[in-house]
Every structure is written in structure tokens, then in C-alpha cells.
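There are 2 protein chains.
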Amino acid sequence: MNTKETTESMDQKKLFIKMVIMSWETQNTRVNKLLEELSDEQLSAETAPGRNRGIYLLGHLVAVSDGIIPLLGLGEKKYPELEKIFVTTADKSELQLPSVAELKECWNDVNSSLSHYFNQMDPDEWFYKHSSVSQVDFAKEPYRNKLNILINRTNHQSYHLGQLIYLKTLN
Amino acid sequence: MNTKETTESMDQKKLFIKMVIMSWETQNTRVNKLLEELSDEQLSAETAPGRNRGIYLLGHLVAVSDGIIPLLGLGEKKYPELEKIFVTTADKSELQLPSVAELKECWNDVNSSLSHYFNQMDPDEWFYKHSSVSQVDFAKEPYRNKLNILINRTNHQSYHLGQLIYLKTLN
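In order, the protein sequences belong to chains E and L. Letter by letter, the first sequence follows residues 303 to 473 in my numbering. Letter by letter, the second sequence follows residues 303 to 473 in my numbering.
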């Protein structure tokens with residue numbers, strides 16, 4: 303019976319994790335589909351008058367996804383230089399941006415790395431604290447775990463996808 | 303030991319549900335904050351040239367959130383008439399829209415109903431199938447449960463919040 307209980311508990315954990323990863327992958331698929339549909343010229347335009355350009359939002363999504371790697375204790379960021387350009391600095395600064403083609407490569411690379419890491423993670427590990435929360439705070443707030451990072455980042459991606467979609471030509 | 307295992311398993315379930323509900327509430331709070339900041343005039347404008355108006359997206363979010371009630375088997379929709387105007391029909395049709403003030407009332411009402419329902423739900427219930435999936439499909443795809451609906455609806459809300467934010471005056 304103990305073994306059965308443990309198996310049930312583990313199955314449930316795996317189910318939670320699968321739900322969260324599926325939701326993440328659904329958003330990635332939507333972003334990928336949009337990236338295929340948009341020309342480099344469209345991606346270089348503003349998503350709405352005076353708002354962030356497509357290229358900036360793409361770089362922003364790459365940088366934020368890249369940041370998941372250290373937050374989950376999986377390794378170092380692959381493109382740490384993107385943080386300054388696409389997270390701490392607003393769009394249309396003096397900074398030189400990588401090209402759309404370069405950013406698309408980074409995007410695919412970061413996503414395949416994350417996918418690789420996620421496949422290797424032990425189910426229990428998702429419920430450990432992420433690297434930006436202290437042991438003391440985690441003891442009080444056990445939801446501040448690695449899986450929660452992915453839930454939040456999925457929402458963040460949906461938010462910007464809603465803006466990137468405005469780059470599509472109006473029917 | 304069995305009891306301990308069961309308690310652990312239940313605690314884990316509760317933790318996961320809490321994570322998903324917190325993520326939902328965070329998005330609601332952000333929408334509420336934005337609604338407080340925008341005038342009715344701003345909400346009546348297009349989120350970007352040629353795109354959905356704020357009032358349409360607000361009605362859309364109300365209708366989709368209202369749809370969670372029957373999907374989770376919690377009761378009937380409170381505003382079934384909004385489905386036709388804000389889900390099956392695109393913006394700028396011939397249909398008469400409710401006013402911004404009316405939609406804000408519906409929004410608050412649906413959210414407080416959902417919050418009330420969520421508080422009463424038994425943790426296990428979140429892992430039952432939602433009402434749009436058959437028993438046969440659910441047996442093969444156990445992630446098509448009620449909690450997954452809330453994960454998806456949270457992403458949907460983030461997506462449109464990313465668009466509604468464009469109604470704010472540019473700095």
C-alpha cells in the first residue's frame with residue numbers, strides 16, 4: 303500500500319508538471335508560428351504606434367526565457383548580453399540590437415535547451431525552491447518553486463504574444 | 303504511514319491548486335488595476351489602429367471567464383447573452399454592445415462568483431475532467447482536467463491584457 307500511495311503521489315506530480323510544460327510549449331508553438339508568418343521587415347516595425355517593436359519583444363522573450371536556465375539551477379544563461387539590451391533597457395535606445403535572424407537563432411537555441419533540461423529534470427526537482435528565493439522565505443511560501451517560475455513565464459509570453467500578433471497585416 | 307502519504311499527496315495537490323489560482327488572481331489584479339486607470343473613452347478606443355477596441359476585449363474577457371462556470375460544472379453562465387456579442391461575433395459588428403460601466407459590473411460579478419466557487423471546490427475536484435471532454439478521451443488524456451482550464455484561461459487573459467495595456471497614454 304505504501305508503494306501504491308507513493309506511485310499515486312508521483313503520478314500526480316508528473317501530471318501537474320506535464321500540464322505546466324504543455325501550456326509553456328503551446329505558447330512557444332504559437333510564437334514560432336507567428337515568427338514564420340512575419341517578414342523581417344514586419345518584425346522590425348512597432349507593434350502599435352509608439353510601442354515596442356517586434357524585434358525588441360522577440361529579444362525580450364529570448365532574454366527572459368534564457369533567464370529561466372539559472373533560475374531553475376540548470377546552468378548558465380546562453381546569451382547573458384541580451385539582458386542589458388532587452389530587459390534593463392527600453393526599446394529604441396542607443397544600443398545596437400542583434401539582427402532578427404540572429405535573435406531567431408537564439409530563440410530556437412534557448413527553447414531547445416530548455417526542452418532538453420526539462421526532459422532531464424527529476425519530477426521532485428520542480429517543487430524545490432528556485433534560485434531567487436531564500437530558504438527562509440521558501441519555508442513560508444512553498445509555492446515559490448521552479449514549476450511556478452514556468453507558470454509565470456508562460457503568462458509573460460502570452461502577454462507579449464498578444465502584442466506581437468499586431469504585427470500581422472490586417473485582413 | 304498510509305495516512306502520512308495521503309496527507310503529503312493532498313498537501314501537494316493543494317499547493318498546485320494554489321499556484322494555479324494565484325496565477326489567475328495575479329492576472330485579474332492586473333486587469334483590475336488597468337481598468338481603474340483607463341477612462342471610459344480610452345476603453346472605447348481601438349487597442350491599435352484597426353484592432354479590437356478595449357470595450358470589446360473587456361466584454362470578451364467577461365464572456366470567456368463566465369464560460370469557466372459551466373466548464374467546471376459549477377453552475378450556469380451568469381451572462382450567456384455576452385457569448386454572441388463578444389465571442390462568436392468579431393468587434394465592430396452591427397450588434398449593440400453593453401456600456402463600459404455595465405461590462406465592468408459583469409466583470410466584477412463573474413470574478414467574485416468564480417472566487418467564491420473556487421474556495422468551495424474540493425481539491426480532488428480540480429483533477430476531474432471538465433465538461434467539454436468525454437470520459438473516453440479523459441481516460442487517455444488525464445491532463446484535460448478542470449485545473450488545466452484555469453491554466454489556459456489565465457494565459458488567454460494575459461494575452462489580451464498585453465493588448466489592453468496599449469490603451470494607456472504613451473509617456
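Among the hints, erroneous ones may be present.
With a Cα cut of at most 30 Å, we get these calculated BS3-like pairs of lysine-lysine [as the list claims (entries may be wrong)]: (1) K320/E <-> K320/L; (2) K431/L <-> K316/E; (3) K394/E <-> K379/E; (4) K316/L <-> K335/E; (5) K431/E <-> K316/L; (6) K470/E <-> K315/L; (7) K335/E <-> K315/L; (8) K431/E <-> K315/L; (9) K316/E <-> K320/L; (10) K316/E <-> K316/L; (11) K316/L <-> K320/E; (12) K442/L <-> K320/E; (13) K335/L <-> K470/E; (14) K320/L <-> K315/E; (15) K406/E <-> K394/E; (16) K335/L <-> K442/E; (17) K394/L <-> K335/E; (18) K470/E <-> K470/L; (19) K315/E <-> K316/L; (20) K442/L <-> K316/E; (21) K386/E <-> K335/L; (22) K442/E <-> K315/L; (23) K315/L <-> K379/L; (24) K431/L <-> K442/L; (25) K320/E <-> K315/L; (26) K470/L <-> K386/E; (27) K431/E <-> K320/L; (28) K315/L <-> K315/E; (29) K316/L <-> K442/E; (30) K431/L <-> K315/E; (31) K394/L <-> K316/E; (32) K315/E <-> K442/L.
In case anyone wonders, no lab produced these hints; they're calculated from the structure.
Outcome of the hint check:
no.	hint	in the structure
1	K320/E <-> K320/L	17 Å, holds
2	K431/L <-> K316/E	17 Å, holds
3	K394/E <-> K379/E	24 Å, holds
4	K316/L <-> K335/E	35 Å, violated
5	K431/E <-> K316/L	17 Å, holds
6	K470/E <-> K315/L	41 Å, violated
7	K335/E <-> K315/L	34 Å, violated
8	K431/E <-> K315/L	17 Å, holds
9	K316/E <-> K320/L	17 Å, holds
10	K316/E <-> K316/L	15 Å, holds
11	K316/L <-> K320/E	17 Å, holds
12	K442/L <-> K320/E	14 Å, holds
13	K335/L <-> K470/E	28 Å, holds
14	K320/L <-> K315/E	14 Å, holds
15	K406/E <-> K394/E	19 Å, holds
16	K335/L <-> K442/E	27 Å, holds
17	K394/L <-> K335/E	27 Å, holds
18	K470/E <-> K470/L	22 Å, holds
19	K315/E <-> K316/L	12 Å, holds
20	K442/L <-> K316/E	15 Å, holds
21	K386/E <-> K335/L	28 Å, holds
22	K442/E <-> K315/L	17 Å, holds
23	K315/L <-> K379/L	27 Å, holds
24	K431/L <-> K442/L	11 Å, holds
25	K320/E <-> K315/L	14 Å, holds
26	K470/L <-> K386/E	25 Å, holds
27	K431/E <-> K320/L	16 Å, holds
28	K315/L <-> K315/E	8 Å, holds
29	K316/L <-> K442/E	15 Å, holds
30	K431/L <-> K315/E	17 Å, holds
31	K394/L <-> K316/E	44 Å, violated
32	K315/E <-> K442/L	17 Å, holds
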